[in-house]
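Chain order of the listed sequences is C and E. For reference, each letter of the first sequence is one residue, going 1 to 277 in my numbering. For reference, each letter of the second sequence is one residue, going 1001 to 1410 in my numbering.
For the record, the hints were derived by calculation from the structure and aren't laboratory data. Hints are supplied without guarantee of correctness; some may be wrong.
[Said to hold, decoys possible] Partial list, computed: chain C residues near chain E (C-beta under 8 Å):
no., residue
1, Leu69
2, Ser242
3, Leu249
[To be verified] Here are the simulated lysine-lysine pairs, BS3-like style, with alpha carbons at most 27 Å apart:
no., chain 1, residue 1, chain 2, residue 2
4, C, Lys56, E, Lys1396
5, E, Lys1212, E, Lys1108
6, E, Lys1306, E, Lys1282
7, E, Lys1391, E, Lys1039
8, C, Lys17, C, Lys2
9, E, Lys1393, C, Lys56
Treat the numbers as computed from the prediction; the structure is a model and nothing was measured. Even for Gly, the Cβ is constructed at its ideal location relative to N, Cα and C.
Below, each chain spelled out in residue letters.
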Amino acid sequence: MKSYFRLTEFELGRFFKFYLVLIGLTIVSQIIGVIAVSKEYMQEANEAIYQDGLSKQAFMDQRGLISLLDWTNSIWFLAPIALCVVTLLIYMFFIWYRDWLGKNTFIYRLLMLPTQRIHLFFAKATTIFIMVLGLVALQVFLIYIAGIVLEWMVPNEFMQTMGVSEVSVASQYVNTILPATFTEFVLYYGTGFMFVCIFFTAILIERSYRWKGLLFAIGYVAVATAVFMSLIFLSMEWGLFSLYPLEWLILQIIIGIIVTASSIFLSYYLLTKKITV
Amino acid sequence: MERYWKLMFTSCLFVFGIGFFYLHDTFAEKELPEYTWEKQKGNEEVLEDVLVQAYIQDGSYIGETIQIAGEKRKYLSQLSFLERLTGAMDNLKIKQLQQKYRGFMRGKEESTYNFYEDKRMLAYANVSSEWDGSQFKQSNFALEVETVSKRDDETTSFFIKLPNQDQYDYMDVGEVTVLGDKLYVLTQNDMLVDDESQSEMRLYTIDLTNEKLISEQRLFSDKEENVKGDREVTLLHDTDELQASSYIAVMTRNLDEDDQTKQLRLFDIEKQEEWSVDLPKKMLEQEVVAHMGDETFYFIYEQKGKLSVTPYQIAEQQLDDPIEIPISDAIDVNTMKYTKIIHDKLYLLYDMNSYMGREGNAPQIKGNPPLMYVIDLKAKALRYEGELTPKNKAAKNALFMIESMYENEQ
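Just chain C, with the same shape it has in the complex:
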């Protein structure tokens, strides 16, 4: 257990500077974003009211009130999220390959550690996963702070106040990363964890069998995804059975757990028996 924590801390440490840069970029871009969006709105208001002679009420009816939704739909909000997603997706592969491709094949030393090799797998998976969750949590705070900044920037009569959870219900982008209920959160990110395991297994297959392995790896991802989606295929495409929603959910969770567990077992086997340096 101790070695797992030490490995995780070690893996986090190797990417931590980049991670802090991602956090910093997100904070800066989103805070500038909320200022930019509210400035733009106030400028529009000033032009309409002082130059075109509209009344305040007429402007508000025409343009609508400003809310955090104007911000969540802006590039300032979405671009850093996209950057973080892409970076972590790439790092999901790089976290393994850097050990092989680095100057002095670091993986050799990692695999020689006097501990179970699967700990390495879990440490890397935890690293990716916890970094994702950290960024999601950061987003919660940023929405909250953006609400306060917006209140500073815009006179309250022009503003539609929204709480953090209201933003997540009303904005489809925020809703994708922060679903309305905790149950959905667990389901979404549970699925995410499963895919991290599937891709890690695929990487290990490729590392074990090299060029031939690449085909196996792609095949493995395809098969695992197909098994996970099998319920949808079976019922939607061929109408084989009909389930009540709750039964559907339970079955889908069981399939997800089976796919994740098989990935972990396969990785365990590959790491202990097949992997070559």
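Use these hints to put chain E onto chain C, whose structure you have.
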């Protein structure tokens, strides 16, 4: 601990961020709009049988849906994920059938139109069809029939290929009835004739013992030979009602400029007769509520603080004396109303902020509360009169839009 600071930092960020997000609702944020029935006359007990569903808009981006039954309230925003998933606010009649006949209801259309229930059995009929890509229309229409006996839980199910398939392009089930050992399925069949859409009702008679189609009949069409122009045909039935009678009732209205005659037409399934109910024109202009289980129509009319409900017995073909009840002066014939007959009581709910047939009349945010009247049809007396008033600030500042009224099954 210090050696794990990166792990601690990221975990804390996660725990506090996500914890803050999902616990936030519990200790703060928005006040739920609250409403309460304020009685003017009668007894509130009757309100426990009725469920009012409304949409609440308080000017923010997210609306709220509320269901009110007696003292009980259900808010869409307060439902858990599992409650949403299992449809905690969906059609109650269907939910109840799903609980009672879990196996039988599996995979069935969640619409009461497709079901019939009596003491003996529960029956289901649905139209199935396939998309024909070469002709670009639906084809291969068939009726899927399934029944379950309440005595021994025995289910029978069979398919019937429908005749005259080239006569229609689309069909939908309107009503299912069982009389004796025959099952009747009333469908709405749509077709294109010379690029003009046409719609008619058809009645399919099915022999349940031999699992065979006995006949197909054309009943009411929106194009009749002796009528100039089109006519509008509306099936009169209570959508929640699973027990139909031996009559099929429709209201027809001619859509010609000079001829806008309304007719109440009936088809007697047992006698195979169609006729038009003989009533003064003034009566036909009134709102009709069909209580097919009791084979009675109720004509409703509001005027100058008075509500009159006139029963018409289908079998005797006669009008009874109207039940007259004093009502609020603010109600007139055009006030939007929702009607429902539950346990021989007529529930009338008036939305005091919207009017029928007047467009562009946007409801006011600070509207008048809806009014409810409950009339006992057997005793011919008022059982309840009251209004649904906003209780707190959130409710007073919101727009309350009634969506529908159902029988409360719990």
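Against the structure, the hints come out as follows:
1. Leu69: holds (7 Å)
2. Ser242: It holds, given that the least Cβ distance between Ser242 (chain C) and chain E is near 3 Å, below 8 Å.
3. Leu249: With Cβ-Cβ at 6 Å, under 8 Å, it holds.
4. C:Lys56 to E:Lys1396: holds (25 Å)
5. E:Lys1212 to E:Lys1108: With Cα atoms ~21 Å apart, Lys1212 (chain E) and Lys1108 (chain E) stay inside 27 Å; holds.
6. E:Lys1306 to E:Lys1282: holds (17 Å)
7. E:Lys1391 to E:Lys1039: holds (14 Å)
8. C:Lys17 to C:Lys2: holds (24 Å)
9. E:Lys1393 to C:Lys56: holds (25 Å)
Taken one by one, the earlier hints all hold for this structure without exception.
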